[in-house]
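Take a look at the letters that make up each chain.
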Amino acid sequence: MRTYPGPADIRERAMTRLDDGDLWNRAKRGDADAFAALFERHAGMVYTYCFRRTADWAIAEDLTSVVFLEAWRRRAGVDLAAAKVLPWLLGVATNVLRNERRSLRRYHAALNRLPRLEPERDFAEELTERLGDEQRMRELLVLVGRLPQVEQETLALCIWEGLSCAEAAFVLDVPEVTVRTRLFRARARLRELGGEVATGPDVSPVEGSDVR
Amino acid sequence: MNVELFAPPPRELPASRLALRREHLLDEIRKTGDSADFPVIRRAWRLRPRRARLGLTVAILALLVAVGTAVGAGVNLLAQLEWFEERREDIPGEPKRIGPLVEITAGPGWSLVAWRSDSGICLDFVVPRSSGGACGFGVRGEPLDAAHPGAPSPKGWISGAISSQPGAATVIDGVVAEEVARVEVVLGDGRILDAPVIEAPAELRADVDFFLLQVPADNSIPLPSGFVRAFIAYDGKGRVLEQSEF
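These protein sequence lines map, in sequence, to chains A and B. Per our numbering, the first sequence runs over residues 1 to 212. Per our numbering, the second sequence runs over residues 1001 to 1246.
No lab work stands behind these hints, which were simulated from the structure alone. These numbers come from a predicted model, not from an experiment. Backbone N, C-alpha and C fix where the C-beta goes; we use that ideal spot for every residue, glycine too. It is possible that some hints are incorrect.
As the list claims (entries may be wrong) - Straight-line distance between alpha carbons at most 30 angstroms, and here's what the computed DSS-like set of lysine-lysine pairs gives:
id	chain 1	residue 1	chain 2	residue 2
1	B	K1031	B	K1155
2	B	K1237	B	K1031
3	A	K28	B	K1237
4	B	K1031	A	K84
5	A	K28	B	K1155
6	B	K1237	B	K1155
Unchecked claim - Here are a few chain A residues that face chain B, going by a calculated C-beta distance under 10 angstroms:
id	residue
7	G30
8	F35
9	F39
10	A60
11	A109
12	L111
13	L114
14	F170
For reference, chain B alone in the conformation it holds in the complex (with noise of 0.2 angstroms):
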């Protein structure tokens, strides 16, 4: 044992074996082209991962705690997504907005915000005291990011991404290209869910649409990295425009 333990058994992989898995190997990456984008994770927030918008989440609860701002049953949530981000506008690296918040739709205590940045749409959920959002999801008809003149066009079909609160349900959000016309989301435990594709109001100015799933809270899924497998975007003709694996 005593030799074992620093020289363990070797074992080479035969070279029969090494050819088929490098001919795998080929196959597979070919079929991405020369893109980097491997299709099997995609991270939809590019620009403020999910973990920073967790974080982002809890920070603006606890601003809002802090200054004792006036929000609870019947607050509009629109109002508090702007006082949040008139003063998140200062922040450094933080998206510069451009134009109105647009409210996308919204129910009982919940709303889906999108704005145009200077690095894209921008997607909020908002809830009383709370929000968490994303900017910069790739998509084809997303505006160009002004920040960054001369980048190449989105091509992306869909992009979306997951947050959740504890006891709460699990919100599923993204942006899709205008040819999308349904959307279907595959979670961790392989159920399927058809989400509704949302038209974006006139007032956003941009050639996107968007969806939204909420999740009734399932301990049986982790979260976040496994609760979501993959986002499915379907033209009216029902061919799949692409297949994005989360």
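The shape of chain A in the complex, shown without the other chains (with noise of 0.2 angstroms):
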């Protein structure tokens, strides 16, 4: 027997052959599913993200819910090209995560209506893994916690998360040339405290550059 996609799948399927910009403009006009084909592209990164920045799966599939209902509150005063919808996410989710505790208990209603799933397969060894995930991420945020706040913020998006220094100026909101020198020093302290540089943009300072 042969099936036939019905008409929400055909839409679905035409969803994906959007690029992010057009996902974005359809969102901007009420398009759920535009918005929903955007979560599917990005949430991935996002949620790493978050992870990454709180040492906690848990929090970050929450936080990634509460960047994404954020997201779709603020669509309608943005306006996006499609190579700036992930940094916008991330920068929405930098705000979100400045403020963790403040923005689940603004999403808290939201959050309580997930329904609860129940554990798949040898759950017993993905929680393992999972536990020893969040081990290894505090150790490093233990190192890394002891940068200042917006260096904390410039590492992870251009050395965990590959953004180019353009990019996280973007997401952060500040000129690249000072997103340069975050990064250096941020390098140059890490360093200090006994880490090694090993991957990761190459960056400068630049004389006189402002850093915010």
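Using the hints, build the complex out of the two chains.
Here it is in structure tokens:
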């Protein structure tokens, strides 16, 4: 027996062919399916970013929902080209992370409406993995947490998430030169703290740069 | 550690949880229809953000002190506001007043004053030597924006804001549609307070009402963002017309 896609399936498939900019414009006009398509595309990246900043997979998952709920709320006033959608979402995530408790409190009712998911196969093994990840991430955050907040954010975006300095500048709403300087300083401080620079964009400070 | 610092563990969202979160997101945003106004935070001070309001309060205070106006005990607060508004009207981008300043309610040393502007209703809480206010609440019945013909009619049932000064009671005020019979204010600490609804005097010529609460200074709740959690508007039959998260 062959099954044929229903209207909803066809619409869903059509969404996958649109770029981020088109989806965003549709979402701005109230198209929930377009917004859901953006969620499918970028939730993983937002989730990873939130996890690496909190070292808690459960909180990161809630924060991911909060980021997209907040993005939906703010969408009307935001024009985004295709390449800017993910950086903008990470910018929303950065703001949400800065006020983590307040953000979760604001969306407490919405998060409470989330259905509970029954554990799937081999849950114990997955749980062990997750706890291991959390422990490793917490150890990293202890070291990174000794940097100023703005340098932590820059490091997370540029090194952990692989954004370019220009993209990170868009996320943080600062000049690119500020990102480069923060990154340089972060790496220098980490060297002093015992970390070794292994990868990441090569940056150097710019004379007279303005660090905000 | 050195390598891990720059390659921290990734944590992918399992497909089942991604699907669950996606459906949850769709459920939540569909509740809001096509509106961009997800019911989480409503900015009451559409034309003047709260921080601008506080700045305005400070500016008024400084201005009045600087020119040495004779305000103090027994001052006519309406005249004080009139004095200020005459000077403010020339500031580019500020709402232009239409009609008189109308006192909504008053008490010892304070007055709640409303006026019509080209940007909707404006509401000021006035105390000696200072005041703070906002315009354009987006509540149904509010006079249409004469400066922007064709703008959609306001649809909200309730919109409010807070302001505070060190050592003084925190003021929670706002505008409601005429259909609103009762207002509850949910504070950040969970307390729910009834705010009396005050009818607009006829001379205001606006089909809206007002509410006002003054909560004694309490340092246990952060100001201004965490002080008020929500405004709830009820109709005469006790039905919720709107719960506006703050």
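Verification of the supplied hints:
Simply put, B:K1031 and B:K1155 have alpha-carbon atoms about 17 angstroms apart, close enough for the 30 angstroms limit, and the pair holds. Distance hint between B:K1237 and B:K1031 is fulfilled; the C-alpha atoms sit about 24 angstroms from each other, no more than 30 angstroms. Distance restraint check for A:K28 and B:K1237: the Cα-Cα separation of roughly 36 angstroms exceeds the 30 angstroms cut-off, and the hinted pair is therefore not satisfied. Under the criterion of a C-alpha separation no larger than 30 angstroms, the hint pairing B:K1031 with A:K84 is consistent with the structure, at around 27 angstroms.
Using a Cα cut-off of 30 angstroms, the hinted pair A:K28 and B:K1155 holds, with the two alpha carbons roughly 19 angstroms apart. Between the alpha carbons of B:K1237 and B:K1155 the distance comes to roughly 20 angstroms, so the proposed pair stays at or under 30 angstroms and holds. Because the beta carbon of A:G30 sits about 3 angstroms from the nearest beta carbon in chain B, less than 10 angstroms, this interface hint is met. The criterion of a C-beta within 10 angstroms of any C-beta in chain B is met by A:F35, whose closest approach is roughly 6 angstroms, and the hint holds.
For A:F39, the interface hint holds, since its Cβ comes within 10 angstroms of a Cβ in chain B; the closest pair sits about 6 angstroms apart. Interface hint status for A:A60: upheld, as the beta-carbon distance to the closest one in chain B is roughly 7 angstroms, under 10 angstroms. Hint status for A:A109 relative to chain B: holds, with the closest Cβ pair at about 9 angstroms, below 10 angstroms. Among the interface hints, the one on A:L111 holds; its C-beta lies about 8 angstroms from the nearest C-beta in chain B, closer than the 10 angstroms criterion.
At a threshold of 10 angstroms, the smallest CB-CB gap from A:L114 to chain B is about 5 angstroms, leaving the interface hint in force. Using the Cβ-Cβ criterion of 10 angstroms, the hint placing A:F170 at the interface with chain B is not satisfied: the shortest such distance is roughly 22 angstroms.
The structure shown violates the earlier hints numbered 3 and 14.
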